[in-house]
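Novice: All chains should be built: construct the whole structure from the sequences, respecting the hints.
With full-length UniProt numbering, the residue at position 349 of the sequence shown is 349, and numbering never jumps.
It is worth saying that the hints were derived from the structure and are not from the lab.
Possibly wrong hints are sitting among the right ones.
For each label pair, taking beta carbons as the anchor points, the in silico distance ranges come out as [said to hold, decoys possible]:
hint : residue 1 : residue 2 : range
1    : R24       : R85       : 43 to 49 Å
2    : L391      : E208      : 29 to 35 Å
3    : D186      : Q216      : 29 to 35 Å
4    : D149      : E92       : 46 to 52 Å
5    : Y187      : G261      : 32 to 38 Å
Ideal placement from N, C-alpha and C gives every residue a C-beta, glycine not left out.
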Amino acid sequence: MANKHVVVLGAGFAGLHAVRELSREPGVRVTLVDRNNYHLFQPLLYQVATAGLEAPQIAFPIRAFLRKHKNARFLLGSAEGVDPRARVLWVEGRPITYDYLIVGTGARTNDFGLPGVARYGYGLKNLDDAMKIRDRILSACEEAVRTPDPARRKALLTFVVVGGGPTGVELAGALGELRRHVASRDYPDLDLSEFRVVLIEAGPRLLEAFAPSSAQYAQRFLEKLGVELMLGEQVVEVTPNAVRLRSGLNLPCFTVVWSAGVTGQVLPGLTPARGNRIATTPELYVPDYPSIYVVGDLNYLEYRDGRPHPQVAPAAMQQGALAARNILRELHGQEKRPFKYKEKGSMATLGRSHAIAEIGNLKMRGFPAWGAWLAVHLYYLIGFRNRMMVLSNWAYSYFTYDYAVRIMHNRHSFAEQGEPVGDSVRL
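Specialist: Okay, structure coming up:
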């Protein structure tokens, strides 16, 4: 066992929980590989995008995390592929041999092949995405103050969010709060009736994973906040200055945030299944390659009724820990255990003092759910300093009706006609 080398690819929720379990076996060497030198707390990305939090407050250095895990080392680099038979992971041209590999590379935004989405839309999966969205929102407001053209000003101040899941709902709610409490004071020369937040959902209702009563509560709150809901509408194209819908409506806007779905980030050398995810056995290893485990958003494992396990943080944490424990069980000659997801419930914040939470048969709404949401997110956020900084920012915003972070890192420019707009990102 002393010579066994376990490589963990990806420092997300699954990867870190795998390292924690593996570090309990001092005879095993662990190498954690990631393209970034930090762990990102993705559930709060939307607050970075809407000027509520600064980027470092939801990121924690990987090397600081590994200080307590003496048998683990960190390698910064992007994985280029894996040779399962040779048991080699290629990281920026460097071969890393392993005895066991845990792959937790997560998911990326899914554009469903729709024209213009990848070029002109903005995903929300990493810090760069969040910073670009925030810069774009603030740049649009500044540009709107300067332009004398009313049609152009309305397009600049129209912010479209596509996808009515938790990410889309939370982002739309945060933009609505930004409009109500910040834009009204920072931009007195703007007519706030022109500041529009539009949430587009192809399905008949928001938050499909929640109970209908919770979704209805969320819908009523967002409408009261001034968010325009377009349910049953499908985006067919995103252009530099508009969103075109299947109904024929052409919605002029310069900022489109795409949160309509995700697809797995498959490592070359592995064969994807549905949703570009990797199918595994119940014990979380790849059937043809028992030395490779796949965890988190990239894992495709079904319940008995055929539904795949959800791509959420609690599932990733549990899978990362189980994969590590199964490796250790194999090394000790013990039987591996199948994955059984322990449902932790679902939460979504809507705005100031309002959220929804479902934990088993318990359904909470309003302030109690909002308080539970705050507590859960602070608990899972890594780093005492980060927790204190996030808590202080939340307290500041709550008592002052203000957002603490409204600094543009890069000013975006907007096309006068039909040429590409600003710094569009690949999804």
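Novice: Quick one: which hint numbers does this structure break? Sort them smallest to largest.
Specialist: Violated hint (a single one): 1; every other hint is consistent with the structure.
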